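Letter by letter, the chains look like this.
There are 2 protein chains.
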Amino acid sequence: MTTHEILLGAQKAKLPLSLADTDSKNAALEAMAVALVAAKEEILQANAQDLEDARGRVSDVMLDRLALTPTRLTDMAKGMREVASLPDPVGAVLRRVVRPNGLVIEKTAVPMGVIAIIYESRPNVTSDAAALAVKAGSACVLRCGRDAWRSCNAIVKALRAGLAEAGLPETSVSLIEDTTHASSNELMTADGLVDLLIPRGGAGLISACVQNATVPCIQTGTGICHVYIDAAADPEMAVKIVVNAKTSRPSVCNAEEVCLVHRDIAKTVLPMLKKALVDDRVAKQLPPVELRLDPRAAEIIPGVPAGDRDFDTEFLDYILAVGVVDSVDDAITHIAKHSTHHSDAIVTENEEAAARFVGCVDSAAVYVNASTRYTDGGEFGLGCEMGISTQKLHARGPMGLSELCTYKYIIHGNGQVR
Amino acid sequence: MTTHEILLGAQKAKLPLSLADTDSKNAALEAMAVALVAAKEEILQANAQDLEDARGRVSDVMLDRLALTPTRLTDMAKGMREVASLPDPVGAVLRRVVRPNGLVIEKTAVPMGVIAIIYESRPNVTSDAAALAVKAGSACVLRCGRDAWRSCNAIVKALRAGLAEAGLPETSVSLIEDTTHASSNELMTADGLVDLLIPRGGAGLISACVQNATVPCIQTGTGICHVYIDAAADPEMAVKIVVNAKTSRPSVCNAEEVCLVHRDIAKTVLPMLKKALVDDRVAKQLPPVELRLDPRAAEIIPGVPAGDRDFDTEFLDYILAVGVVDSVDDAITHIAKHSTHHSDAIVTENEEAAARFVGCVDSAAVYVNASTRYTDGGEFGLGCEMGISTQKLHARGPMGLSELCTYKYIIHGNGQVR
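So the sequences go chain by chain: A and B.
Take the first sequence: its letters are residues 1 to 418, numbered as in our numbering.
Take the second sequence: its letters are residues 1 to 418, numbered as in our numbering.
No wet-lab data here; the hints were simulated from the structure.
Among the hints, erroneous ones may be present.
If several chains are the same, the list does not tell them apart, and a pair holds so long as it fits within one copy or across any two.
Stated by the list, open to error - Think about it this way: if two alpha-carbon atoms lie no more than 25 angstroms apart in a straight line, the pair counts; the simulated DSS-like pairs of lysine-lysine are:
#, residue 1, residue 2
1, Lys337, Lys78
2, Lys107, Lys337
3, Lys12, Lys337
4, Lys107, Lys284
5, Lys284, Lys40
6, Lys157, Lys78
7, Lys78, Lys284
8, Lys107, Lys275
9, Lys240, Lys12
10, Lys40, Lys240
11, Lys275, Lys337
12, Lys240, Lys275
Keep in mind it's a predicted model, so treat the numbers as computed, not measured.
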């Protein structure tokens, strides 16, 4: 089927899905989870073919992201059941006013309609995104990367069998067949057919969407996250937070990429950081962090001199740019210039410095004395997430079920006229 | 100054404005209102020049929109004081959770940053938009139509004098000097310099923004609003609502453009509508409504046969397209195809039909037994509005102060790491 035909199919699913009650949607999610596990053989076989094709062409990290196992499939089904257990966002009355003229005005959460998701090679995104969209009452149109297409197709086939069994339209979940740029471009400009486009992938994909999308679009992901160690920081806490933010999972968007240290504490804290991020890790046979130092940091500890781009790079690796600043306001200015407005943290015992940092840093998540790694739907208590928005319109930070909805005003009267 | 220089100026105002407390912002609004009235002579003189230039080139309606009088200026100042009296949206904690690990997560309303507004020839939009932006803690960059530039410039000069007196940056409010398409295009693509673009104007402007904007943008305005008269409608109420929705102010976006009538009530209600919209108005020497009828309506009452485009036109005039449908679902299907998703109404005494209509019509405001003319920030209890969004992302329907804000997550910990 063409991309356009698939979009028309999704349009047809919109109304029945938006009217489906919570029990029907949960029953469909359960049926989809059952069907997913039942199709284990077909899915693993499709995945084996994808892996065979990809081997040699893509990195080992990418191969690992692409690979499915019986355990991963069971986890995907479990994820769908977890979404079923979350509260239904649809129908929530967000604000209710009774006007002096008797009109009852209810601002009510309603489904977005058709959500398109462009992603890359992780097949598990397929079931995650489908579960979230269905629970939020929206049809989803999925466009995966070429490397994962056979796997995603087998998964979507199973999910649709589950939908059909539960009595919801199969076209509630669709996979685009074309994996060339043409289909991405078509989704970006499918005015009236796509209510929300969510690109989940690298900086190239995101910027292509921002430049070309005429449909409503939410930027997700890129994270150049900062930890600023204030003069009044507890040095032990600062080191613990930086070690966690940098090394607990360097490949994710909420990992730290830049550490800024106040000059008054630099001589104390930088050697501690160097020990924790380099020496201790070498001793434990863990990958050491490469420190890229600005000239002032380089006067205090050994490391690689930071290059022009090092304070503007999402390394997603065991690399940390380190700089010394003169004040909390200097840190704020640096962050305003270099941050991707994802997650930034201050470590300080000084409440005034914390308040200044929180007030001035314009990011989706601003932390005082905690690791940037907490920016996550689960950790924020949303139960799940469809990605992390780094834009200001509609949703900022982790997008849960509520952020996949819009609202409408429902007004009941008894003949009022102006 | 170039548009780029003006945008850089607005950027500089962002932080002080976002940190300004409620009293400072209200004091600034008061000073701006005082300065506006104090500059009456200069503003009226500039307006006289604008009017002189425009006469003969634009319609009388446009000339009326452009014209300022001492009373209109006083009303503009009054409007600014009303905005001052509204609650401050900034800093509101929208959601607060304390996580099991002790993290305190607060989803907090914060200013958008820089809001750009492209509008046409109504000079009063200048002070309205400036007041709303300042109260919401954002700088605003205004781009008016050529016909109104001298008037808007005189107004902005006065507003900036007020800002300076109150100790807020003058560049909190700026007027773009270039009134060619070049400046609109520059605002649409000023990535990183414009946090939100709001076009307020005709369909051409809106669609240019949707097609070309790479900055976050909210579509406002176009309203092809429907009133559906159900089989179970109270005919008197139906006529009263249609007369109000069509004739109380036909030039506005929440005015009715299309009336759909259930076949079972058509023979009762259509003659009543014709009498109220045509005959009674002629008798009262009011402009009669031109009825553009589909073939089934034309069998019952006299009127002009509806052409191909009549059910897809925002007439903004004393013209109403009228059609007969077979059921509430037919009305819903028609509206899905032809509505601009602004405001649509059902008139019915049947709760099931009302619930079906409300559930299925995907518009910003859906009415049961009330006129579409209520879609308005003031009427909805928001106190004001910056326009009416017809998109689903971020804001839908009237945008008040809250809708001009975004949010960020502020997280306080005591050393938590994952």
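We went through each hint and held it up to the structure:
1. Lys337 with Lys78: Neither. Shortest intra-copy (41 angstroms) and inter-copy (39 angstroms) distances fail the 25 angstroms Cα cut-off.
2. Lys107 with Lys337: between (37 angstroms within a copy, 24 angstroms between copies)
3. Lys12 with Lys337: between (45 angstroms within a copy, 13 angstroms between copies)
4. Lys107 with Lys284: Neither way: Lys107 and Lys284 sit 56 angstroms apart in one copy and 39 angstroms across, limit 25 angstroms.
5. Lys284 with Lys40: neither (39 angstroms within a copy, 76 angstroms between copies)
6. Lys157 with Lys78: within (18 angstroms within a copy, 61 angstroms between copies)
7. Lys78 with Lys284: The answer is neither: 35 angstroms in one copy and 70 angstroms across copies each exceed 25 angstroms.
8. Lys107 with Lys275: neither (55 angstroms within a copy, 36 angstroms between copies)
9. Lys240 with Lys12: Neither: 52 angstroms inside a copy, 35 angstroms across copies.
10. Lys40 with Lys240: For Lys40 and Lys240, neither the intra-copy (42 angstroms) nor the inter-copy (62 angstroms) Cα distance is at most 25 angstroms.
11. Lys275 with Lys337: Neither: 29 angstroms inside a chain and 65 angstroms across chains, both beyond 25 angstroms.
12. Lys240 with Lys275: within (12 angstroms within a copy, 79 angstroms between copies)
Hint check: violations occur at hints 1, 4, 5, 7, 8, 9, 10 and 11; the rest are consistent with the structure.
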